[in-house]
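Visitor: Sequences are here, hints too, so could you generate the full structure?
As given, the protein sequences belong to chains A and B, one line each in that order. Using the working numbering, read the first sequence as starting at 1 and increasing by one per residue. Using the working numbering, read the second sequence as starting at 1001 and increasing by one per residue.
Worth flagging that the hints you see were computed from the coordinates, not collected in a lab. Backbone N, C-alpha and C fix where the C-beta goes; we use that ideal spot for every residue, glycine too. Treat the hints loosely; a few may be bogus.
Covered by chain A, according to a simulated footprint, are these stretches of chain B (three or more residues, beta-carbon under 8 Å) [said to hold, decoys possible]:
| no. | stretch |
| --- | --- |
| 1 | 1051 to 1064 |
| 2 | 1311 to 1323 |
| 3 | 1367 to 1379 |
Below, simulated SDA-like cross-link-like pairs (lysine to any residue); rule was C-alpha separation at most 20 Å, straight line [unchecked claim]:
| no. | chain 1 | residue 1 | chain 2 | residue 2 |
| --- | --- | --- | --- | --- |
| 4 | B | Lys1054 | A | Tyr60 |
| 5 | A | Lys109 | A | Pro146 |
| 6 | B | Lys1054 | A | Leu38 |
| 7 | A | Lys202 | A | Ala190 |
| 8 | A | Lys202 | A | Ala213 |
| 9 | A | Lys200 | A | Pro115 |
| 10 | B | Lys1054 | A | Phe45 |
| 11 | A | Lys36 | B | Arg1327 |
| 12 | A | Lys36 | B | Ser1241 |
| 13 | B | Lys1054 | A | Glu40 |
| 14 | B | Lys1381 | A | Glu32 |
| 15 | A | Lys68 | A | Glu179 |
| 16 | A | Lys36 | B | Val1377 |
| 17 | B | Lys1054 | B | Gly1064 |
| 18 | A | Lys109 | A | Gln122 |
| 19 | A | Lys113 | A | Tyr124 |
| 20 | B | Lys1054 | A | Asp53 |
| 21 | B | Lys1054 | A | Thr41 |
| 22 | B | Lys1054 | A | Leu55 |
| 23 | B | Lys1054 | A | Glu51 |
| 24 | A | Lys36 | B | Leu1317 |
| 25 | A | Lys111 | A | Asp129 |
| 26 | A | Lys36 | B | Asn1061 |
| 27 | B | Lys1054 | A | Gln59 |
| 28 | A | Lys36 | B | Trp1320 |
| 29 | B | Lys1103 | B | Leu1166 |
| 30 | B | Lys1054 | A | Val58 |
| 31 | B | Lys1103 | B | Phe1263 |
| 32 | B | Lys1054 | A | Thr56 |
| 33 | A | Lys36 | B | Pro1326 |
| 34 | B | Lys1339 | A | Glu32 |
| 35 | A | Lys200 | A | Glu212 |
| 36 | A | Lys120 | A | Asp80 |
Letter by letter, the chains look like this.
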Amino acid sequence: MRTPPEAASGTTRRCELAITTWGLHHGFMLGEGIVKGLAETARNFIGSYVEEDRLTTVQYPEERLPAKEAARNFPFLVFDGNDPHAGLRCVACQICEKECPPQCIYIEKSKDKKPDYVGKPQFYPAVFDIDVSVCMSCQICVEVCPFEAIKMDTEFELSNTDRFGGLLLNKHQLAKSNEAYHKIHPTEAAEVDGRLSAEKAKAEAKAKADAEAKAAAAKAAAPPPPKPALIPAT
Amino acid sequence: MTEFCDQIFVSLAHWLVGSFPASWQPLVSAVVSVASIIAVFGLLFGITTVVERKMIGRIQNRYGPNRVGLPLTDFRLFGFGQFMADGIKALTKEDVVPRAADKVIHFLAPLLLLVPVFVAFSVVPFGRNMVLIDIDAGVLFFFAVGAATELAVFMAGWSSRNKYSLLGAMRAIAQMISYEVPLIISSIVVVMVVGSLSTVKIVEAQADFSGQLPHWHVFTPWGFAGFILFLIAAMAESNRSPFDLPEGESEIVAGYFIEYSGFKFALFFLAEYLGMFAISGMAVTLFLGGWTAPLAMLDWVPSWVWFFGKLMALVLLFIWIRGTVPRLRIDQLMHFAWKFMLPMALINIVDAGLWRFLPPGLGRWVACAGLLVVPYVLLGKGLAGGQPFAKRSYRYAE
Chain A
1 MRTPPEAASG
11 TTRRCELAIT
21 TWGLHHGFML
31 GEGIVKGLAE
41 TARNFIGSYV
51 EEDRLTTVQY
61 PEERLPAKEA
71 ARNFPFLVFD
81 GNDPHAGLRC
91 VACQICEKEC
101 PPQCIYIEKS
111 KDKKPDYVGK
121 PQFYPAVFDI
131 DVSVCMSCQI
141 CVEVCPFEAI
151 KMDTEFELSN
161 TDRFGGLLLN
171 KHQLAKSNEA
181 YHKIHPTEAA
191 EVDGRLSAEK
201 AKAEAKAKAD
211 AEAKAAAAKA
221 AAPPPPKPAL
231 IPAT
Chain B
1001 MTEFCDQIFV
1011 SLAHWLVGSF
1021 PASWQPLVSA
1031 VVSVASIIAV
1041 FGLLFGITTV
1051 VERKMIGRIQ
1061 NRYGPNRVGL
1071 PLTDFRLFGF
1081 GQFMADGIKA
1091 LTKEDVVPRA
1101 ADKVIHFLAP
1111 LLLLVPVFVA
1121 FSVVPFGRNM
1131 VLIDIDAGVL
1141 FFFAVGAATE
1151 LAVFMAGWSS
1161 RNKYSLLGAM
1171 RAIAQMISYE
1181 VPLIISSIVV
1191 VMVVGSLSTV
1201 KIVEAQADFS
1211 GQLPHWHVFT
1221 PWGFAGFILF
1231 LIAAMAESNR
1241 SPFDLPEGES
1251 EIVAGYFIEY
1261 SGFKFALFFL
1271 AEYLGMFAIS
1281 GMAVTLFLGG
1291 WTAPLAMLDW
1301 VPSWVWFFGK
1311 LMALVLLFIW
1321 IRGTVPRLRI
1331 DQLMHFAWKF
1341 MLPMALINIV
1351 DAGLWRFLPP
1361 GLGRWVACAG
1371 LLVVPYVLLG
1381 KGLAGGQPFA
1391 KRSYRYAE
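Guide: So, in structure tokens, the structure goes:
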């Protein structure tokens, strides 16, 4: 026997009876712990009928908790204004497609261009598909997007009877307005809006400065008359 | 009117049997009784599964099943349609038999488990004149038939060729044989005092009233101790928590029925609950006065109402204990059977003899109660080994 004798006897004594251990608060009666336990469960049982706040279960389809602001599930595309096509922020740069770990994003770039929020002509996605059955909700597409065009949604009831086509969302299904974005993630959306308007103001200031500079340059360039002597030389 | 309500099922069966030609009558009588027992206890099984889930849910401050009601309607019936949905699911599920299994024994085990359980109901009196067969050795027959379930359990565990099911079956055999001893010894006291093994005679012996109070065996010191010992042993016999080691899912997945699926699994489940009903029915018969009323003035209520009321009360008590007490360890289980249950049951036999031969009065009560309480306290203290309730120390893992 490897076991030291005093340890063995102590342990066997301690292991004698679970029930005595339960009831044995400093040498009380055998079975007392069970009676206490039964009283506790009876209190829970009756209490669940009497006190409403004991039952913490939210009976889901009928009742539901308000969505948490930090929640995220699948990505969606943000558009400004009312027209999902004209306002779509995505410029089809395809960074998210390349970065997506499970490769669930598929983008085809358009041939023509449309003006973005600053007014600069940009490409737009002719096709933008996300397979939500493949998506793992990692948010990497959101992290890498330089245009604040793709964001995480809180929608989770996406069950579908068609497990192939039904779970492949196209750009019309993915496009959601900036107002909807504000509704689900107010803090984050306000921050994004601030950044975008700052950029827009900066771009406008720059455009204005450029225009002024151009005008000034034009003004400066206009007075000096062409040297007539040079023309015959060419 | 009272008489009519009390005997309504008996008269109905008589009328039904009487409408057949005389040569058919024994067969029809047997079929009617057996079919009604299967129907009643089958339905009771279904309702009990839902009640159990709801009650344990409430004990844990959850709702439990509350959705499934009548199909194609909005009636939810507080979730009591659940057992029908479960039954349909079990029937339509694939029946997987392991390739290495002993196919014949694997198939026979659930049937062999179910048959003795149903046979055991034949000697339980459900009401006045409502017993399928009144044999002189009814109690003996009940326990003899009940012991056959152990064979079925081991057949299931052995034939599956799975180490978990074999372990589960070995645990089940060890547990059921160990607890059969205190179970039978604790019921012997009733046989000693009544002087008969017939279940009908045992109930009749408790049918008197002194004033308003009934003469149930549970209201005597030996009867009370016997009842408690019988209940604990019955819980272990029917593999109910806290004695559900044969199917302890945290250790051996699902025990001896791990390789059973679909309807065979449902049969195991059914047999387990029917075993619980049968043994609770026996507890009611032996200690709680069978179909007799708890107060003399309530004697007008039909006898079968009392029997099933008491049966359901015991089943609810089992559910309550399941929701309270955690599972024992196998050594604790064995220690409890042989070091506590068996001595107490043996002392209880002496106590019943003392009760029989002492003159009635307060002195008899004090003597008999003392004979039980003193060993109970001493056993409780002695088995704990004088160790205070403290933090456990471990030999190897530190």
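Visitor: All hints, please: hold or fail.
Guide: Right, here's what the structure says about each hint:
no.: 1; hint: 1051 to 1064; in the structure: holds (count 7)
no.: 2; hint: 1311 to 1323; in the structure: holds (count 3)
no.: 3; hint: 1367 to 1379; in the structure: holds (count 3)
no.: 4; hint: Lys1054/B / Tyr60/A; in the structure: 18 Å, holds
no.: 5; hint: Lys109/A / Pro146/A; in the structure: 17 Å, holds
no.: 6; hint: Lys1054/B / Leu38/A; in the structure: 17 Å, holds
no.: 7; hint: Lys202/A / Ala190/A; in the structure: 18 Å, holds
no.: 8; hint: Lys202/A / Ala213/A; in the structure: 16 Å, holds
no.: 9; hint: Lys200/A / Pro115/A; in the structure: 13 Å, holds
no.: 10; hint: Lys1054/B / Phe45/A; in the structure: 10 Å, holds
no.: 11; hint: Lys36/A / Arg1327/B; in the structure: 17 Å, holds
no.: 12; hint: Lys36/A / Ser1241/B; in the structure: 17 Å, holds
no.: 13; hint: Lys1054/B / Glu40/A; in the structure: 17 Å, holds
no.: 14; hint: Lys1381/B / Glu32/A; in the structure: 12 Å, holds
no.: 15; hint: Lys68/A / Glu179/A; in the structure: 17 Å, holds
no.: 16; hint: Lys36/A / Val1377/B; in the structure: 18 Å, holds
no.: 17; hint: Lys1054/B / Gly1064/B; in the structure: 4 Å, holds
no.: 18; hint: Lys109/A / Gln122/A; in the structure: 10 Å, holds
no.: 19; hint: Lys113/A / Tyr124/A; in the structure: 7 Å, holds
no.: 20; hint: Lys1054/B / Asp53/A; in the structure: 18 Å, holds
no.: 21; hint: Lys1054/B / Thr41/A; in the structure: 13 Å, holds
no.: 22; hint: Lys1054/B / Leu55/A; in the structure: 13 Å, holds
no.: 23; hint: Lys1054/B / Glu51/A; in the structure: 17 Å, holds
no.: 24; hint: Lys36/A / Leu1317/B; in the structure: 15 Å, holds
no.: 25; hint: Lys111/A / Asp129/A; in the structure: 18 Å, holds
no.: 26; hint: Lys36/A / Asn1061/B; in the structure: 18 Å, holds
no.: 27; hint: Lys1054/B / Gln59/A; in the structure: 15 Å, holds
no.: 28; hint: Lys36/A / Trp1320/B; in the structure: 13 Å, holds
no.: 29; hint: Lys1103/B / Leu1166/B; in the structure: 16 Å, holds
no.: 30; hint: Lys1054/B / Val58/A; in the structure: 16 Å, holds
no.: 31; hint: Lys1103/B / Phe1263/B; in the structure: 16 Å, holds
no.: 32; hint: Lys1054/B / Thr56/A; in the structure: 15 Å, holds
no.: 33; hint: Lys36/A / Pro1326/B; in the structure: 14 Å, holds
no.: 34; hint: Lys1339/B / Glu32/A; in the structure: 18 Å, holds
no.: 35; hint: Lys200/A / Glu212/A; in the structure: 18 Å, holds
no.: 36; hint: Lys120/A / Asp80/A; in the structure: 15 Å, holds
Hint violations for this structure: none, all hints satisfied.
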